[in-house]
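Residue-level listing of the chains:
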Amino acid sequence: MNLSSCSICQFWHSSIGKKLVVALTGLFLVMFLAGHLAGNLLIFQSSADFNEYAHMLHSMMHGWGVWIFRILMLVALALHVIATVQLTAANRSARATRYQKDATMVASRSSRMMIWSGLTVLVFFVFHILHYTVRVSPELKELADFDQNWAMTVKGFQNPLVSIFYIIAMALLCSHLSHGVASIFQTLGLRSRKTAGPITLLSKAYSLIIFVGFISIPISICFFGYGKEELQETEQMIEQAKSLGLDGILHEHRH
Amino acid sequence: MLNLTLKVWRQQNATSEGFIETYDAHDIPESASFLEMLDIVNERILNDGGEPIHFDHDCREGICGQCSLTINGIPHSKERGITACQLHMRKFKTGETIWIEPFRAKAFPLLRDLIVDRSAFDRIIGAGGYVSVRTGSAQDANNLPVAKTKADAAMDAAACIGCGACVAACKNASAMLFVSAKAAHLNLLPQGAPEKNKRVLGMVRQMDAEGFGNCTNQYECEAVCPKEISADNIARLNRDYAIAIADEAAV
Numbered sequence: 001m002n003l004s005s006c007s008i009c010q011f012w013h014s015s016i017g018k019k020l021v022v023a024l025t026g027l028f029l030v031m032f033l034a035g036h037l038a039g040n041l042l043i044f045q046s047s048a049d050f051n052e053y054a055h056m057l058h059s060m061m062h063g064w065g066v067w068i069f070r071i072l073m074l075v076a077l078a079l080h081v082i083a084t085v086q087l088t089a090a091n092r093s094a095r096a097t098r099y100q101k102d103a104t105m106v107a108s109r110s111s112r113m114m115i116w117s118g119l120t121v122l123v124f125f126v127f128h129i130l131h132y133t134v135r136v137s138p139e140l141k142e143l144a145d146f147d148q149n150w151a152m153t154v155k156g157f158q159n160p161l162v163s164i165f166y167i168i169a170m171a172l173l174c175s176h177l178s179h180g181v182a183s184i185f186q187t188l189g190l191r192s193r194k195t196a197g198p199i200t201l202l203s204k205a206y207s208l209i210i211f212v213g214f215i216s217i218p219i220s221i222c223f224f225g226y227g228k229e230e231l232q233e234t235e236q237m238i239e240q241a242k243s244l245g246l247d248g249i250l251h252e253h254r255h
Numbered sequence: 001m002l003n004l005t006l007k008v009w010r011q012q013n014a015t016s017e018g019f020i021e022t023y024d025a026h027d028i029p030e031s032a033s034f035l036e037m038l039d040i041v042n043e044r045i046l047n048d049g050g051e052p053i054h055f056d057h058d059c060r061e062g063i064c065g066q067c068s069l070t071i072n073g074i075p076h077s078k079e080r081g082i083t084a085c086q087l088h089m090r091k092f093k094t095g096e097t098i099w100i101e102p103f104r105a106k107a108f109p110l111l112r113d114l115i116v117d118r119s120a121f122d123r124i125i126g127a128g129g130y131v132s133v134r135t136g137s138a139q140d141a142n143n144l145p146v147a148k149t150k151a152d153a154a155m156d157a158a159a160c161i162g163c164g165a166c167v168a169a170c171k172n173a174s175a176m177l178f179v180s181a182k183a184a185h186l187n188l189l190p191q192g193a194p195e196k197n198k199r200v201l202g203m204v205r206q207m208d209a210e211g212f213g214n215c216t217n218q219y220e221c222e223a224v225c226p227k228e229i230s231a232d233n234i235a236r237l238n239r240d241y242a243i244a245i246a247d248e249a250a251v
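Chains as they are written, first to last, in my numbering: chain X, 1 to 255; chain F, 1 to 251.
Chain X with its partners taken away, still in its complex shape (with noise of 0.2 angstroms):
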């Protein structure tokens, strides 16, 4: 099968192929936050839903529902990237002479910063994962053997340059959604004069309610001290817990 009979190649190498499959990975991740943000807002409920809900994800479907979301995740921001990055590229060369005088009528500057604000949230995904998945922290990867995920977040979040950078990532993203959000819509065909208005309005909305439920979290527990407490009992109890030889007494509650 050569290029021109293949339709998936096709649609991938034509301009709007291309943006369909932004927009549809895209409705993925955008769809993933509101999930992960709901969950996160546990961690002000108490720990134990907390480290509940965290042993449920992790154990759904015997083990593999985490591991099918993962990869399902890993494809979409893969096909995501790397469509963006390619359109982007071709977007540069589509222009080989610069305006002397440049100037902009109406679009935003989220807009036209979106392959920036992306990579950025791009470089954060991965500080993320290696942060909280894989805890290369081993301060945060004893507090996750010990099933407490609720100490381990807090105790993330305790570091300022951390919760900074998670802030400052969080600001990008917010960014990258309000023009996002909106452009999911057209480029799936489904703008129109009619909800131009109402879909500006989601998109905006959308990504401030983002932006303010991930960073409350940090910066309740780095700048206001939540949690504090609870973390050094709980880590006071993992002491004792070593010292006895008693690695699985904190277990207990679940097995």
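Hints were generated in silico from the structure; no laboratory data involved.
Treat the hints loosely; a few may be bogus.
The calculated BS3-like cross-link candidates involving lysine-lysine, where the alpha carbons are at most 27 angstroms apart (straight line), are [stated by the list, open to error]: (1) F:Lys78 x X:Lys101; (2) X:Lys194 x F:Lys227; (3) X:Lys101 x F:Lys106; (4) F:Lys196 x X:Lys101; (5) X:Lys101 x F:Lys93; (6) F:Lys196 x X:Lys194; (7) F:Lys227 x X:Lys101.
Given chain X, work out where chain F should sit, using these hints.
Relative to chain X, chain F alone:
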């Protein structure tokens, strides 16, 4: 009378190096159109034995789509819903500096000074922007029912004069507004509908082959369009393309 400074892009031919030349445009009547102002400046250049500024123009009443000037960074100027020839000098103040550049896009190769080759648009039309069979002359009223909403949308799309300002204004030099308007005005009507999928695929593929950029939904095109073509057409083309390619692959 206005006294202005012009910063004009001068380029001998397609291959030579271009540059910005500064001209003193003094004593310009406020009632002159923008192109008449250039005529006055050119006459003075000619009288001084110089080479006049080359620019495209024809009807000078906003219907032919020939004028192609980027004025202070915005195709056809920042005034909405007009072509450069419909712009009047009363919109400027004495002492102002005006930047005049050609419509810039790789798919619109520069020929000379402010003149660019927009034949890429003709090739896109040739790839499907027509109805293949004779559809006869105008129908009797109500002989061929067309919904009012569709007739209005088709008429609005058909207002496109193919000037290329959408490409010139787009941050990515995308031709989506032109292509979507030209596809929509036929796709929406009974005479054009049977060839809709073939038309959409043909025109989009030719658009990609010409080296235009990709739409990033910033709507600069809609803002500069002298005929105020709506970006709704772009959404419609995106939708129609998805349907057409699925139809091609599966049916």
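Each hint, compared with the structure:
1. F:Lys78 x X:Lys101: Distance ~13 angstroms between F:Lys78 and X:Lys101 Cα, so the pair holds.
2. X:Lys194 x F:Lys227: 19 angstroms, holds
3. X:Lys101 x F:Lys106: Holds, at roughly 18 angstroms.
4. F:Lys196 x X:Lys101: This hinted pair is violated, its Cα atoms lying about 40 angstroms apart.
5. X:Lys101 x F:Lys93: 19 angstroms, holds
6. F:Lys196 x X:Lys194: 24 angstroms, holds
7. F:Lys227 x X:Lys101: Given pair F:Lys227, X:Lys101 holds - Cα atoms ~24 angstroms apart, limit 27 angstroms.
In the structure shown, a violation is registered for the earlier hint numbered 4 alone.
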